[in-house]
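Asker: Take a look at the letters that make up each chain.
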Amino acid sequence: MLSVSNLHATVDDKEILKGLSLDVPAGEVHAIMGPNGAGKSTLSYVLTGRQGYEVTQGGATLDGEDLLALEANERAAKGVFLSFQYPLEIPGVPALTFIRTALNAQKKARGEPEVTAPEFLKLARAKAAELKIDFDMLKRALNVGFSGGEKKRMEIFQMAMLSPRFLILDETDSGLDVDALRIVADGVNALRSPERAMLVITHYQRLLDYIKPDRVHVLAGGKIVASGGPELALELEREGYEKYARAA
Amino acid sequence: MAAVKQTVEHVASLEKYKHGFVSDIEQDFAPKGLNADIVRFISAKKNEPEWMLAWRLDAFERWLAMDEPDWAKVNFPRIDYQDSYYYAAPKEKVGPKSLDEVDPDLLEVYKKLGIPLREQEVLAGVEGAPRYAVDAVFDSVSVVTTFKKELAQVGVIFCSMSEAIREHPELVKQYLGSVVPVSDNYFACLNAAVFSDGSFVYVPPGVRCPMELSTYFRINAENSGQFERTLIIADKGSYVSYLEGCTAPMRDENQLHAAVVELVTMDDAEIKYSTVQNWYPGDPETGKGGIYNFVTKRADCRGDRSKVSWTQVETGSSITWKYPSCILRGNESSGEFYSIAITNGRQQADTGTKMIHLGANTRSRIISKGISAGRSSNTYRGLVSAHPKAKGARNFTQCDSLLIGKHCAAHTVPYIEARNGQSKFEHEATTTRLSEDQLFYAMQRGLSQEEAVQLLVNGFVKDVLQELPMEFAVEAQKLVAISLEGSVG
Numbered sequence: 000m001l002s003v004s005n006l007h008a009t010v011d012d013k014e015i016l017k018g019l020s021l022d023v024p025a026g027e028v029h030a031i032m033g034p035n036g037a038g039k040s041t042l043s044y045v046l047t048g049r050q051g052y053e054v055t056q057g058g059a060t061l062d063g064e065d066l067l068a069l070e071a072n073e074r075a076a077k078g079v080f081l082s083f084q085y086p087l088e089i090p091g092v093p094a095l096t097f098i099r100t101a102l103n104a105q106k107k108a109r110g111e112p113e114v115t116a117p118e119f120l121k122l123a124r125a126k127a128a129e130l131k132i133d134f135d136m137l138k139r140a141l142n143v144g145f146s147g148g149e150k151k152r153m154e155i156f157q158m159a160m161l162s163p164r165f166l167i168l169d170e171t172d173s174g175l176d177v178d179a180l181r182i183v184a185d186g187v188n189a190l191r192s193p194e195r196a197m198l199v200i201t202h203y204q205r206l207l208d209y210i211k212p213d214r215v216h217v218l219a220g221g222k223i224v225a226s227g228g229p230e231l232a233l234e235l236e237r238e239g240y241e242k243y244a245r246a247a
Numbered sequence: 000m001a002a003v004k005q006t007v008e009h010v011a012s013l014e015k016y017k018h019g020f021v022s023d024i025e026q027d028f029a030p031k032g033l034n035a036d037i038v039r040f041i042s043a044k045k046n047e048p049e050w051m052l053a054w055r056l057d058a059f060e061r062w063l064a065m066d067e068p069d070w071a072k073v074n075f076p077r078i079d080y081q082d083s084y085y086y087a088a089p090k091e092k093v094g095p096k097s098l099d100e101v102d103p104d105l106l107e108v109y110k111k112l113g114i115p116l117r118e119q120e121v122l123a124g125v126e127g128a129p130r131y132a133v134d135a136v137f138d139s140v141s142v143v144t145t146f147k148k149e150l151a152q153v154g155v156i157f158c159s160m161s162e163a164i165r166e167h168p169e170l171v172k173q174y175l176g177s178v179v180p181v182s183d184n185y186f187a188c189l190n191a192a193v194f195s196d197g198s199f200v201y202v203p204p205g206v207r208c209p210m211e212l213s214t215y216f217r218i219n220a221e222n223s224g225q226f227e228r229t230l231i232i233a234d235k236g237s238y239v240s241y242l243e244g245c246t247a248p249m250r251d252e253n254q255l256h257a258a259v260v261e262l263v264t265m266d267d268a269e270i271k272y273s274t275v276q277n278w279y280p281g282d283p284e285t286g287k288g289g290i291y292n293f294v295t296k297r298a299d300c301r302g303d304r305s306k307v308s309w310t311q312v313e314t315g316s317s318i319t320w321k322y323p324s325c326i327l328r329g330n331e332s333s334g335e336f337y338s339i340a341i342t343n344g345r346q347q348a349d350t351g352t353k354m355i356h357l358g359a360n361t362r363s364r365i366i367s368k369g370i371s372a373g374r375s376s377n378t379y380r381g382l383v384s385a386h387p388k389a390k391g392a393r394n395f396t397q398c399d400s401l402l403i404g405k406h407c408a409a410h411t412v413p414y415i416e417a418r419n420g421q422s423k424f425e426h427e428a429t430t431t432r433l434s435e436d437q438l439f440y441a442m443q444r445g446l447s448q449e450e451a452v453q454l455l456v457n458g459f460v461k462d463v464l465q466e467l468p469m470e471f472a473v474e475a476q477k478l479v480a481i482s483l484e485g486s487v488g
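Protein sequences appear in the order of chains A and B.
Position one of the first sequence corresponds to residue 0 (numbering that gives the first Met the number 0), numbered consecutively onward.
Position one of the second sequence corresponds to residue 0 (numbering that gives the first Met the number 0), numbered consecutively onward.
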């Protein structure tokens with residue numbers, strides 16, 4: 000699925016990623032953990048094609064296809080989805096309109112027929128119920144006046160609606176109480192499948208109690224400095240990042 | 000690279016200004032320049048009665064003594080008023096009686112613009128689609144007005160101004176210049192002297208006009224100005240919804256459009272007036288050419304509980320200078336102003352409204368959405384005033400500005416005067432920049448950059464778009480998108 004090799008990336012001429020390599024095979028969930036400023040969010044933006052993040056060396060492919068040559072929206076159409084750490088507010092655009100426009104733009108790019116309004120609403124009702132989202136909320140402008148937890152739930156709702164292949168969750172647990180965390184995790188786990196892969200970026204181990212990773216990587220100083228099984232997350236929780244931060 | 004290919008395709012498909020074509024129509028011109036003889040020429044061309052000529056000549060005298068205003072936040076070289084044609088009309092015998100007599104080339108122009116001039120074309124549309132009557136003004140004259148007979152059955156008069164002067168002189172005499180006096184301002188005064196045509200509407204007491212009325216203005220001739228005059232009277236308890244649309248060819252020189260619109264509402268009457276203005280905006284890089292859109296629009300809510308609602312979508316013109324206003328004379332009368340003004344390239348807009356509260360318990364509401372992109376400048380200028388007798392007057396104003404890119408400007412200049420202690424005025428204003436974060440967020444979900452801008456801008460202007468008649472809201476939405484193409488990145 001995703002293969003990143005020796006990735007170097009700069010923001011405002013400052014190198015943030017310094018030779019990052021990572022493989023996430025289909026069907027697996029990998030967690031990226033690391034101290035603040037290690038480059039976790041930068042990695043998510045570089046993979047999704049945000050402007051201002053310049054790749055100076057190395058590459059990233061999705062199922063062998065060069066991701067970095069594509070525009071952000073083309074990557075989305077290939078099935079790359081980022082659940083934002085800080086979801087944006089879109090005034091005047093109802094959530095349902097936003098998601099339907101996005102879904103149809105992706106389908107158009109893939110040469111698939113657009114989804115009809117009744118099909119879309121049926122799907123939206125089902126997914127909203129699963130994520131315990133009040134359907135009326137979906138008629139309001141996307142994320143405008145939503146609480147932090149509601150915004151995160153809305154990200155997972157969008158993810159469920161767009162049905163991506165490669166999912167990146169950036170600090171999805173921040174701002175969630177335990178009940179909301181469980182709902183969000185259930186939503187994410189429902190999307191686990193042999194055809195999909197996930198990259199879960201988190202600062203704390205807590206989220207990984209709910210979304211069990213196959214592999215855990217430590218990102219420090221712009222590269223992966225250690226990898227292991229789920230037990231690595233527990234060790235980090237106990238001992239902190241200090242020894243890795245020093246190693247980097 | 001895929002991105003490069005996409006860009007190439009995108010550039011090729013750009014519609015830019017799609018109404019910029021010139022039509023080769025045989026035309027009659029008045030000699031170039033402006034003097035009392037030209038005023039007489041125009042009046043004679045239109046077989047006007049003596050009183051109308053006297054009115055024009057009086058206006059011309061006053062205009063000579065006036066100076067061009069310079070208070071608006073717009074810049075343009077001095078206009079040479081002698082270097083323009085004040086009358087240009089498609090050649091024809093004596094006013095066509097039916098469409099079959101209209102020059103087929105002219106019909107082709109309207110077909111190209113998508114304006115239905117044949118009643119059956121409107122009727123043959125989608126089932127349940129609302130019908131609307133059209134008055135088509137080509138340069139200086141009205142070429143055709145549709146659905147006149149059907150409207151006449153309910154007593155609604157909808158015709159060109161020239162025809163109204165001949166056929167309904169008592170109404171014209173009573174109301175013309177009663178809202179915008181002859182010498183109100185420089186451009187209105189010029190208009191009074193040389194106006195060539197426009198639309199006239201009278202809705203009798205208690206009648207709800209059975210269809211949308213619209214006028215479609217087209218400037219075609221070179222070096223000519225368009226000076227139309229519109230007068231709409233809604234008698235007691237009546238209602239009418241009216242829409243005007245405007246386009247012009249792409250030309251290197253500037254052309255002057257100085258229109259006057261007067262609305263009168265009697266007791267319990269309502270006029271809803273919508274504008275979709277898409278005059279040629281000039282070259283986006285050099286700023287060369289384009290229309291100077293210097294327009295005076297005013298409504299007099301004479302009757303108690305009467306109501307006027309202005310909705311405008313201003314996307315074209317190199318310079319826009321207009322302030323559709325309401326004089327809230329009747330007690331409990333109300334005025335509304337909903338505006339979307341978009342400037343891109345080198346466009347300049349100075350637009351807004353005046354709400355003059357004279358009667359007791361009068362209400363007004365202003366929602367203005369300005370979008371500036373490219374190297375344009377967009378100013379909202381508005382006045383809300385309450386006179387001593389306007390006890391209980393209320394106003395709510397919301398002015399939002401959206402900036403796209405780094406080289407544009409937005410200004411908000413509100414004037415508020417309350418001359419009694421029992422008025423309540425609220426003013427809210429915001430200025431935001433279309434954020435890179437929002438754009439990336441939408442693109443990450445699958446929207447192209449242009450689609451993302453379009454979606455975000457549509458969200459920004461939604462409050463105003465929903466005030467437009469349904470069938471035009473869709474058009475306006477597309478127009479908003481086209482006006483902003485290429486504004487990012």
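Quick caveat, the hints were computed from the structure, so don't treat them as lab data.
Every residue, glycine too, gets a C-beta built ideally from N, C-alpha and C.
A portion of the hints provided could be inaccurate.
Here are the simulated SDA-like cross-link-like pairs (lysine to any residue), alpha carbons at most 25 Å apart as the crow flies [unchecked claim]:
no.: 1; chain 1: A; residue 1: K150; chain 2: B; residue 2: Q448
no.: 2; chain 1: A; residue 1: K17; chain 2: A; residue 2: E70
no.: 3; chain 1: A; residue 1: K106; chain 2: B; residue 2: N419
no.: 4; chain 1: A; residue 1: K107; chain 2: B; residue 2: N419
no.: 5; chain 1: B; residue 1: K390; chain 2: B; residue 2: N419
To list a few chain A residues with every Cβ distance to chain B over 12 Å, as calculated [stated by the list, open to error]:
no.: 6; residue: S43
no.: 7; residue: N72
no.: 8; residue: K77
no.: 9; residue: F83
no.: 10; residue: S146
no.: 11; residue: G148
no.: 12; residue: M160
no.: 13; residue: L161
Asker: Each of the hints needs a verdict: does it hold here or not?
Answerer: How the hints compare with the structure:
no.	hint	in the structure
1	K150/A / Q448/B	holds, 23 Å
2	K17/A / E70/A	holds, 23 Å
3	K106/A / N419/B	violated, 60 Å
4	K107/A / N419/B	violated, 60 Å
5	K390/B / N419/B	holds, 7 Å
6	S43	violated, 10 Å
7	N72	violated, 5 Å
8	K77	violated, 10 Å
9	F83	violated, 7 Å
10	S146	holds, 18 Å
11	G148	holds, 18 Å
12	M160	violated, 10 Å
13	L161	violated, 7 Å
In summary, the structure is inconsistent with hints 3, 4, 6, 7, 8, 9, 12, 13 from the numbered list given earlier, while agreeing with the others.
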